[in-house]
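Protein chains: 2
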Amino acid sequence: MKRAIIAAGTLAFDTLETPSGKKERILGGSANHFSIAASLFTRVEVSAIIGADYPLDYLRTLNKREIGTSNVEVSSGETFYWCGKYTGTMNEAETLSTHLNVLVDYDPVMNDVAKKCEMLFLANLMPTKQLKVIEGAEGAKLIICDTMNFWIQNNLEELKKVIKKSDVFILNEHEVRILTNELNIIRALKKLATMGPKTVVIKRGEYGALLYREGERLFSIPAYPIDEVIDPTGAGDTFAGGFVGYLATCPDYNDFKEIKKAMLYGTVIASFTIEGFGSEGIMDVTMDNIQKRYNELVSMIKID
Amino acid sequence: MKRAIIAAGTLAFDTLETPSGKKERILGGSANHFSIAASLFTRVEVSAIIGADYPLDYLRTLNKREIGTSNVEVSSGETFYWCGKYTGTMNEAETLSTHLNVLVDYDPVMNDVAKKCEMLFLANLMPTKQLKVIEGAEGAKLIICDTMNFWIQNNLEELKKVIKKSDVFILNEHEVRILTNELNIIRALKKLATMGPKTVVIKRGEYGALLYREGERLFSIPAYPIDEVIDPTGAGDTFAGGFVGYLATCPDYNDFKEIKKAMLYGTVIASFTIEGFGSEGIMDVTMDNIQKRYNELVSMIKID
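Here the protein sequences come in this chain order: R and L.
Take any residue in the first sequence, note its place counting from 1, add 1084, and you have its number in the working numbering.
Take any residue in the second sequence, note its place counting from 1, add 1084, and you have its number in the working numbering.
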């Protein structure tokens, strides 16, 4: 079983600063990170927009990994740009600047290849565009969605519509707290689950991830232990890539046991991501590398 | 199998402020919280000092729970007093004031009952006093030790001697970071394990606990989900009480599997603690209550 996934999000230039150094205008963006991770499991179709400054050669690099780019719109403007900084324990990024550029007038349209994909991942993007993608993704049977604090604070009404249409909602701890107005994470989870999604996944950085599934079922896993974190950028998107990628290969993606395993795959793939700047850490990862860390992670939570 | 435990630490008056309210001068202290928790599993002998202002009736309350108080010294001074406040996510206390009082001249001496105990728990106390307790606890075969940031910052050399003599060292995340000068928790753990203890336990508040055992073996568990935290005071001590208490009942307390189970018991008992002020939440807990949450916690980390 190998369902195809639409990854709707951003292709971007990122300038990143961490205690390990600084990288200027490297290739990034939520759809980029997600699709590299998910392509380890199945075929991915990217839905995004790029500007005239984006290196088209890089799309060929993606194509070599079973990542389709026929839904990537090339515009005459400038590509989306994000500049961020991580300090201390590096659990959260500080945004130094965001230039939306071509994203402002982006009007996502799905072609026939995308319309046939059975899974849809909505990476962090303006909620209005996410709604447009949901409309276009006619074949999507499972909708997994991510967001960020900016949209919670500035586009809450549209975001609520997206949440209502999502089967799985993935967000970080700070985001679920401001979205639900609950400091207690258990209450926050339960509140979010009443807003639409049957499954909520909380990303907690170095503390791992927490899953809430309707019927009050919780599952918690630690982060894979990494003793030298280089750059956390993309960890959330590649977590989602591993999570959705694995589910795309499961006969029943509603099976709680498979959803738990998907959490483990997401966590392992994120662990490779943070060992390099941008997507450096994950580019050459193999299924053998993944399986080895998967087994180590299982042993970290196994009692008997 | 039921080994007895010496609990060396403080009996105190605590003034506590949390988002749920304020309590003035209630009975607390590390040895109090620990021994109430550990007495759910086995006999505990408290080693501590109290002032003339301490209600002796309360010692009788402890005695009814298999907690021996023949090593509690009654001094003419004032009992140790701590005043703390919790805000926001309540993961760490802010100390508003500490009056050491009778602790200043405390010279812990073990009587014959204490000398026969096979397990020694050194709750948070001045490292010089902890060393004196280790000397006196002649029968102790397993030494488990806790500390706090104050001693790391002000008595590091003495604390290092305590660490060297400890088999299990329990501390919180912030403490292990300042103690080892490592922000990365995995590197911090490994560094601490080279300083003496074969086993290190990191308490992470709402994120659960992380265990490192020599030979690079890690085990991680989440906190038991509590949707209304009243007061986190004593959670660390009762975690240790459940942890050491369970180990005291194990035929082999060096068995990694038993150490993992001890982490689960500690976590469950801490979860009851935070549901009330001081030791209110744990006073009437039964083994049935504990076993129920233990099973729920196991299901939160179980994949199959």
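Certain hints may be false.
With a straight-line Cα cutoff of 30 angstroms, these simulated DSSO-like cross-link-like pairs (lysine-lysine) come out [as the list claims (entries may be wrong)]:
#1 L:Lys1148 with L:Lys1106
#2 R:Lys1386 with L:Lys1282
#3 L:Lys1386 with R:Lys1344
#4 L:Lys1274 with R:Lys1274
#5 L:Lys1341 with R:Lys1344
#6 L:Lys1106 with R:Lys1274
#7 R:Lys1169 with L:Lys1275
#8 L:Lys1244 with R:Lys1282
#9 R:Lys1341 with L:Lys1106
#10 L:Lys1249 with R:Lys1376
#11 R:Lys1341 with L:Lys1169
#12 R:Lys1106 with L:Lys1345
#13 L:Lys1345 with L:Lys1376
#14 L:Lys1225 with R:Lys1376
#15 R:Lys1376 with L:Lys1344
#16 L:Lys1376 with L:Lys1275
#17 L:Lys1341 with R:Lys1376
#18 R:Lys1341 with L:Lys1376
#19 R:Lys1386 with R:Lys1274
#20 R:Lys1345 with L:Lys1148
#21 L:Lys1199 with L:Lys1106
#22 L:Lys1106 with R:Lys1386
#23 R:Lys1249 with R:Lys1225
#24 R:Lys1086 with L:Lys1386
#25 L:Lys1106 with L:Lys1169
#26 R:Lys1344 with L:Lys1248
#27 R:Lys1275 with L:Lys1106
#28 R:Lys1376 with L:Lys1148
#29 L:Lys1345 with R:Lys1345
#30 R:Lys1386 with L:Lys1344
I should point out that these hints are in silico values taken from the structure, not numbers from a laboratory.
Tested hints:
1. Distance restraint check for Lys1148 of chain L and Lys1106 of chain L: the Cα-Cα separation of roughly 28 angstroms lies within the 30 angstroms cut-off, and the hinted pair is therefore satisfied.
2. Taken as a hint, the Lys1386 of chain R and Lys1282 of chain L pair is honoured in the structure, with Cα atoms around 20 angstroms apart against an allowance of 30 angstroms.
3. Using a Cα cut-off of 30 angstroms, the hinted pair Lys1386 of chain L and Lys1344 of chain R holds, with the two alpha carbons roughly 9 angstroms apart.
4. At roughly 37 angstroms between alpha-carbon atoms, Lys1274 of chain L and Lys1274 of chain R are farther apart than 30 angstroms, so this suggested pair is violated.
5. Distance check on the hinted pair: Lys1341 of chain L and Lys1344 of chain R sit about 23 angstroms apart at the alpha-carbon level, within 30 angstroms; holds.
6. Under the criterion of a C-alpha separation no larger than 30 angstroms, the hint pairing Lys1106 of chain L with Lys1274 of chain R is consistent with the structure, at around 28 angstroms.
7. Distance check on the hinted pair: Lys1169 of chain R and Lys1275 of chain L sit about 28 angstroms apart at the alpha-carbon level, within 30 angstroms; holds.
8. Taking the CA atoms of Lys1244 of chain L and Lys1282 of chain R, the gap is near 50 angstroms; set against the 30 angstroms cutoff, the hint is violated.
9. Taking the CA atoms of Lys1341 of chain R and Lys1106 of chain L, the gap is near 44 angstroms; set against the 30 angstroms cutoff, the hint is violated.
10. Distance restraint check for Lys1249 of chain L and Lys1376 of chain R: the Cα-Cα separation of roughly 36 angstroms exceeds the 30 angstroms cut-off, and the hinted pair is therefore not satisfied.
11. With a C-alpha separation of about 41 angstroms, the suggested pairing of Lys1341 of chain R with Lys1169 of chain L is violated against the 30 angstroms cut-off.
12. A hinted pair counts as satisfied when its Cα atoms are at most 30 angstroms apart, and Lys1106 of chain R with Lys1345 of chain L does not qualify at roughly 44 angstroms.
13. Our distance criterion of 30 angstroms between C-alpha atoms is met by Lys1345 of chain L and Lys1376 of chain L, whose separation comes to about 14 angstroms.
14. Proposed proximity of Lys1225 of chain L and Lys1376 of chain R is contradicted: the alpha carbons are some 37 angstroms apart, above 30 angstroms.
15. The suggested pairing of Lys1376 of chain R with Lys1344 of chain L holds, with an alpha-carbon distance near 22 angstroms, which does not exceed 30 angstroms.
16. Annotation: proposed proximity of Lys1376 of chain L to Lys1275 of chain L is violated, straight-line Cα distance about 36 angstroms (limit 30 angstroms).
17. For the proposed pair Lys1341 of chain L and Lys1376 of chain R, the alpha carbon gap of about 22 angstroms is at most 30 angstroms, so the pair holds.
18. Taken as a hint, the Lys1341 of chain R and Lys1376 of chain L pair is honoured in the structure, with Cα atoms around 22 angstroms apart against an allowance of 30 angstroms.
19. Taking the CA atoms of Lys1386 of chain R and Lys1274 of chain R, the gap is near 26 angstroms; set against the 30 angstroms cutoff, the hint holds.
20. Restraint check for Lys1345 of chain R and Lys1148 of chain L: the C-alpha separation of about 47 angstroms exceeds 30 angstroms, so the hint is violated.
21. Between Lys1199 of chain L and Lys1106 of chain L, the direct Cα distance comes to roughly 39 angstroms. Violation of the 30 angstroms bound is thereby established for this hinted pair.
22. Annotation: proposed proximity of Lys1106 of chain L to Lys1386 of chain R is violated, straight-line Cα distance about 40 angstroms (limit 30 angstroms).
23. Our distance criterion of 30 angstroms between C-alpha atoms is met by Lys1249 of chain R and Lys1225 of chain R, whose separation comes to about 11 angstroms.
24. Only pairs whose Cα atoms come within 30 angstroms are accepted, and Lys1086 of chain R paired with Lys1386 of chain L is accepted, the gap being roughly 26 angstroms.
25. With a CA separation close to 9 angstroms, the supplied pair Lys1106 of chain L and Lys1169 of chain L stays within the 30 angstroms bound.
26. For the proposed pair Lys1344 of chain R and Lys1248 of chain L, the alpha carbon gap of about 40 angstroms is over 30 angstroms, so the pair is violated.
27. Proposed proximity of Lys1275 of chain R and Lys1106 of chain L is supported: the alpha carbons are some 28 angstroms apart, at most 30 angstroms.
28. This hinted pair does not check out: Lys1376 of chain R and Lys1148 of chain L have alpha carbons roughly 52 angstroms apart, beyond 30 angstroms.
29. Distance hint between Lys1345 of chain L and Lys1345 of chain R is fulfilled; the C-alpha atoms sit about 23 angstroms from each other, no more than 30 angstroms.
30. Annotation: proposed proximity of Lys1386 of chain R to Lys1344 of chain L holds, straight-line Cα distance about 9 angstroms (limit 30 angstroms).
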